[in-house]
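Enquirer: Could you slot chain C onto chain A? The hints should help.
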Amino acid sequence: MSTPGTRHQHDGTQQLDAVVERVLDEVRRQGGAGAGPVEAVVRADLHRLALTRFAGSGIHQNTEDERTGVHLRVALDGGRSATVSTTRTTTAALADLVGAALAAARLSPRDAAWPGLAGPARVPAGAGPDDATAGAGPAERAALVAAFVEAAGGLETAGYAQTTLLTSAVADTAGLHARASSTGAVVDGIARALPASGLDGSPPDASFRADGVGRAAARSLADLDAAALGARAARRARAQAAPAQPLRRGELPVVLEPSAVLDVVAGLLSSTFSGRGLVEGTSGVRLGEQQLDPALTLLDDPLDPASTALPFDTEGTPASRTELVRDGVPRAVTTDRRTAAALAARGGLPALPTTAGAHDASDTWGPVAQAPVLAPGSGGSVDELVAGLEHGLLVCDLWYTRLAEARRSVWTGLTRNGTFLVRDGEVVGPVGVLRFTQSYLEALAPGAVTVGSDAEALPRSLTFGAAGTARVVVPPLRLARWNVTGGAAT
Amino acid sequence: MLLTPSAASSLTATPPPTASASPPGAVPSAAFDLAQAAVEAALAAGARFADARVVDRRHEALTARDGDLRQLSQTTEAGIGVRALVGDGWGFAALADPTGERDARATGERSVAVARASAAVRAPGAGPVELLPVPPQRGGWSSGCARDPFEVPLAEKADLLVGVTHAMRKAGGSVIGVAEALSAAWDTRTAYVSSEGARTGQHVRETGAGMHCLALGEHEVQRRSYPAFRGQYGTRGWELVDELDLPAHAERIGEEAAALLTAPLCPSEETTLVLGGEQMSLQIHESVGHAIELDRILGWEAAYAGTSWLDLSRLGDLRFGSELMNITIDPTIPGALGSFGYDDEGTPAAARDAVRGGIWTGVLSGRDSAALAGYDHAGSVRADGYGRLPMVRMTNVGLEPGPHSLEEVVAATDDGVLMEHNRSWSIDDKRLDFQFGCEIGWELKGGKRGRMLRNPSYTGTGPVFWNSLDMLAGREPGEWRAWGTPNCGKGQPGQVGHTGHGAAPARFTGVRVGVRG
Numbered sequence: 005m006s007t008p009g010t011r012h013q014h015d016g017t018q019q020l021d022a023v024v025e026r027v028l029d030e031v032r033r034q035g036g037a038g039a040g041p042v043e044a045v046v047r048a049d050l051h052r053l054a055l056t057r058f059a060g061s062g063i064h065q066n067t068e069d070e071r072t073g074v075h076l077r078v079a080l081d082g083g084r085s086a087t088v089s090t091t092r093t094t095t096a097a098l099a100d101l102v103g104a105a106l107a108a109a110r111l112s113p114r115d116a117a118w119p120g121l122a123g124p125a126r127v128p129a130g131a132g133p134d135d136a137t138a139g140a141g142p143a144e145r146a147a148l149v150a151a152f153v154e155a156a157g158g159l160e161t162a163g164y165a166q167t168t169l170l171t172s173a174v175a176d177t178a179g180l181h182a183r184a185s186s187t188g189a190v191v192d193g194i195a196r197a198l199p200a201s202g203l204d205g206s207p208p209d210a211s212f213r214a215d216g217v218g219r220a221a222a223r224s225l226a227d228l229d230a231a232a233l234g235a236r237a238a239r240r241a242r243a244q245a246a247p248a249q250p251l252r253r254g255e256l257p258v259v260l261e262p263s264a265v266l267d268v269v270a271g272l273l274s275s276t277f278s279g280r281g282l283v284e285g286t287s288g289v290r291l292g293e294q295q296l297d298p299a300l301t302l303l304d305d306p307l308d309p310a311s312t313a314l315p316f317d318t319e320g321t322p323a324s325r326t327e328l329v330r331d332g333v334p335r336a337v338t339t340d341r342r343t344a345a346a347l348a349a350r351g352g353l354p355a356l357p358t359t360a361g362a363h364d365a366s367d368t369w370g371p372v373a374q375a376p377v378l379a380p381g382s383g384g385s386v387d388e389l390v391a392g393l394e395h396g397l398l399v400c401d402l403w404y405t406r407l408a409e410a411r412r413s414v415w416t417g418l419t420r421n422g423t424f425l426v427r428d429g430e431v432v433g434p435v436g437v438l439r440f441t442q443s444y445l446e447a448l449a450p451g452a453v454t455v456g457s458d459a460e461a462l463p464r465s466l467t468f469g470a471a472g473t474a475r476v477v478v479p480p481l482r483l484a485r486w487n488v489t490g491g492a493a494t
Numbered sequence: 140m141l142l143t144p145s146a147a148s149s150l151t152a153t154p155p156p157t158a159s160a161s162p163p164g165a166v167p168s169a170a171f172d173l174a175q176a177a178v179e180a181a182l183a184a185g186a187r188f189a190d191a192r193v194v195d196r197r198h199e200a201l202t203a204r205d206g207d208l209r210q211l212s213q214t215t216e217a218g219i220g221v222r223a224l225v226g227d228g229w230g231f232a233a234l235a236d237p238t239g240e241r242d243a244r245a246t247g248e249r250s251v252a253v254a255r256a257s258a259a260v261r262a263p264g265a266g267p268v269e270l271l272p273v274p275p276q277r278g279g280w281s282s283g284c285a286r287d288p289f290e291v292p293l294a295e296k297a298d299l300l301v302g303v304t305h306a307m308r309k310a311g312g313s314v315i316g317v318a319e320a321l322s323a324a325w326d327t328r329t330a331y332v333s334s335e336g337a338r339t340g341q342h343v344r345e346t347g348a349g350m351h352c353l354a355l356g357e358h359e360v361q362r363r364s365y366p367a368f369r370g371q372y373g374t375r376g377w378e379l380v381d382e383l384d385l386p387a388h389a390e391r392i393g394e395e396a397a398a399l400l401t402a403p404l405c406p407s408e409e410t411t412l413v414l415g416g417e418q419m420s421l422q423i424h425e426s427v428g429h430a431i432e433l434d435r436i437l438g439w440e441a442a443y444a445g446t447s448w449l450d451l452s453r454l455g456d457l458r459f460g461s462e463l464m465n466i467t468i469d470p471t472i473p474g475a476l477g478s479f480g481y482d483d484e485g486t487p488a489a490a491r492d493a494v495r496g497g498i499w500t501g502v503l504s505g506r507d508s509a510a511l512a513g514y515d516h517a518g519s520v521r522a523d524g525y526g527r528l529p530m531v532r533m534t535n536v537g538l539e540p541g542p543h544s545l546e547e548v549v550a551a552t553d554d555g556v557l558m559e560h561n562r563s564w565s566i567d568d569k570r571l572d573f574q575f576g577c578e579i580g581w582e583l584k585g586g587k588r589g590r591m592l593r594n595p596s597y598t599g600t601g602p603v604f605w606n607s608l609d610m611l612a613g614r615e616p617g618e619w620r621a622w623g624t625p626n627c628g629k630g631q632p633g634q635v636g637h638t639g640h641g642a643a644p645a646r647f648t649g650v651r652v653g654v655r656g
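Chains A and C, in that order, are what the protein sequence lines are.
Count along the first sequence starting at 1, add 4, and that's the number in this note's numbering.
Count along the second sequence starting at 1, add 139, and that's the number in this note's numbering.
Chain A on its own, in the form it takes in the complex (with noise of 0.2 Å):
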């Protein structure tokens, strides 16, 4: 199937440098016979990923995909443009890539907001790739399964063990160019208890497992500790299968675990805090002034030494330590070229820092954060979080939530790996599976929240596409209003 012609190697950098030099060459040989000049970026990622899941204790999906992406990107006449990509990188194919390219953005209506090229920057080193990690096999990755079944003491298992290089190759026509790896490692799993009899002493349901879960994300596979992940997540099951309590709908102050906080940032982040949504009027985000607690401090941090993020987007804008959320201040957005040019051409805005936040989705889905990170506070340890609470819940993970209002931020969704009753300071017992519809932003408005002092780095998806899972670090958090709606309540 592959197009007869010269084969470019792409198992490294200088192979994707020269896939991208040569498609600029052809952009610049096939656009020159055009009334102006052409604008073009070009980026080819060489992406490996590996991912062994297991379910019942056991291996039962074991993958792994290589693929080499060239994606391009051509404007003509200051605006129209076009977007091709494909995983040919032979002499014959580029050629094919960039006439299909050319000829698309011809036929194209002029885009009034086509916002330029990155052009000539400084791009940082970033972190970098773990080479132990690059080269890690289906052997190293099922030593990681093997760790998290063994440590949870014979209770039935499930979850994940991953590992990815990314490198890029990215460049353009007005003098960019720049490369970078990187890699990442995941181990994320849950194990399964039988529960106990129910309050009133009727029989368990037999297909019911009490659940929990033990998760986490690195750059390098070395810093994962798959044992201590698969005995977390079996006390956490052990506790989720007592007799489960019962509770009323209503509000209730409420511990998140880190996995749970995580995903109230994700969403978080892909609504109210991305530059789209500024745009377009969606997000309720006030920047500069007092919206959230004091306590909180929301940061894109893809230059930290243990990122697993490129230090450039997809669009070759280079990145940087962004603060979103200072001392409880919203202080800027997630942006693209596009959003972060409407948003500089918009007036009674503060100026706001340009972001990395471009990837293959951005177009669709808006810009995205690349290394989130939630700085910790003083609060101390779940337990101690736990232990300030004289009636509410602790939630150690959320499930399928879902923007429900996008001004107030109001998800809702389910709690899932483990929820507790805690009265008095203390764990009484499991709930069982709870519904809430909660606005974010409310419940993390000025007074009602205590941030807990150990973060945790937790593997998530934030880009709705093949790029790969982030690592995003947040730590636990007590929130004092939890809107439940559901579930198990009644």
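Keep in mind the hints are simulated off the structure, nothing from the lab.
All values reported here derive from a predicted model rather than from experimental measurement.
Be a bit skeptical, because a hint or two may be false.
[Claimed, not checked] Some chain A residues well away from chain C (every beta-carbon gap over 12 Å; in silico): (1) Ala104; (2) Asp227; (3) Leu307; (4) Ala355; (5) Glu394.
[Said to hold, decoys possible] Which bits of chain C does chain A cover? Going by a derived footprint, with three or more residues having C-beta under 8 Å, they are: (6) 207-217; (7) 232-243; (8) 378-385.
Built from N, CA and C at the ideal position, the CB exists for glycine as well.
Expert: Relative to the frame of chain A, chain C by itself:
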């Protein structure tokens, strides 16, 4: 209990659907050569079963927003994916753009190496991995396509999409903050070869389009869409888009979005709920389609997508819903988004019951999951491109039309709410407890449609909800439709599936509506 040979042979009697039967030649012979080489290499390396898919896929997407064409993207993706079973361990390896048989063989060998590593952690008490017998297929299949979406001039597509964004804005006035329209098309050619002798070619073209606008109020945002909240899609050509007639609906969509800003809130109460067909398709997808996936029922998705409230020991006698509930698994529906000739492990398409007269009777399954569960058919294993592992997925999971018309349903409702077009969806990991928001609601009083309602939502529990189904439309032309869902997520690494859902408006009693945060 495994399938008996007589039951297996019944599969061979089911011919693949022939939207337009075509030979494997619809796929280049070189693709079969690559797949064959990969399978042979896997066998030589120690696999006891192997199959390979060589996939060449084109995709085009256009998005217009507020009078500009914001996105025109074209993607080509080609590669090989090889699955190997070594002992009782599965392995999968994929490579983009294999240049020849050497690359294909190397990928086959890599799949075996991955499979060997799987044996390092075996599930306690697990028996041998077996595959449901499916006679090897040799043939081809192409979806129907009257107007090739890749041959439609880009200017025609762009003019259509840009034009309806202008129309929505104009109709809705100054409160319209965003008006967006999109189209998408896929052209996928797949060569499939297995170590059992299967050799099939498949050419599927999929097309879709839709539009929506957002009205911005002082405190909230309202949305209206047509024909569905993410568009309508099918295994068809551009004729699907022509039939949607987006321009004819743009003005109404803009006006309704603006009107929603000042409409009264949906009440918070327990009442009679009538759902439009598009929302019904999502209700089916989330609370039935995912619940009947056999991999979930077996616990293979426990850590991520989740499990299911359904217990296999109750297959055949569990009451899932009222007698009006008849759900089929049918990948043979012409033009529906989940249609194909063969699934991605070579099983020919065939229609099955999932729920009949309200009783749960069938599951979505693959050859290994069916064999493990003692189930008698497979045929619902699909993959997102060459680079992802084939897994149990929905095909077309739909509700058969009912005996009523929508007009009768409304006329028979003394007090209730009609909700249309999905806005948000959430369901638990056992596919039991759900909460859905819709774009627009209508008060139903005395058998008539009354005031428009904003922020309508409802919540419930799967079997309780489905057992309250007491009226089902579909008798009148156009009320039942095979809706397409182009973004069904599942699996790790993540896969996006394309599924179809036949649905018509339906009525449910005693439903909690107007859930607020």
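Enquirer: Minimum Cβ separation between Glu394/A and chain C greater than 12 Å?
Expert: Since the minimum Cβ distance to chain C is about 23 Å, Glu394/A lies beyond 12 Å and the statement holds.
Enquirer: Over 12 Å to the closest beta carbon of chain C is the bar; see if Asp227/A clears it.
Expert: At about 21 Å from chain C, Asp227/A clears the 12 Å cut-off, so the statement holds.
Enquirer: Under 8 Å between beta-carbons, do enough residues of the stretch 378-385 of chain C, three at least, approach chain A for the coverage claim to hold?
Expert: violated (count 0)
Enquirer: Regarding the assertion that Ala355/A does not contact chain C, is the least Cβ-Cβ distance greater than 12 Å?
Expert: Answer for Ala355/A: holds, closest chain C Cβ roughly 24 Å.
Enquirer: Are all beta-carbon distances from Ala104/A to chain C longer than 12 Å?
Expert: violated, 6 Å
Enquirer: Taking beta carbons only, do three or more residues of the stretch 207-217 of chain C come closer than 8 Å to chain A?
Expert: With 11 residues closer than 8 Å to chain A, the stretch 207-217 of chain C meets the three-residue bar; holds.
Enquirer: Count the residues of the stretch 232-243 of chain C with a beta-carbon closer than 8 Å to any beta-carbon of chain A: does the count reach three?
Expert: holds (count 8)
Enquirer: Classify the label on Leu307/A as holds or violated, using whether its beta-carbon is more than 12 Å from each beta-carbon of chain C.
Expert: The claim stands: Leu307/A keeps its Cβ more than 12 Å from every Cβ of chain C (closest is about 26 Å).
In the structure shown, a violation is registered for the earlier hints numbered 1, 8, in ascending order.
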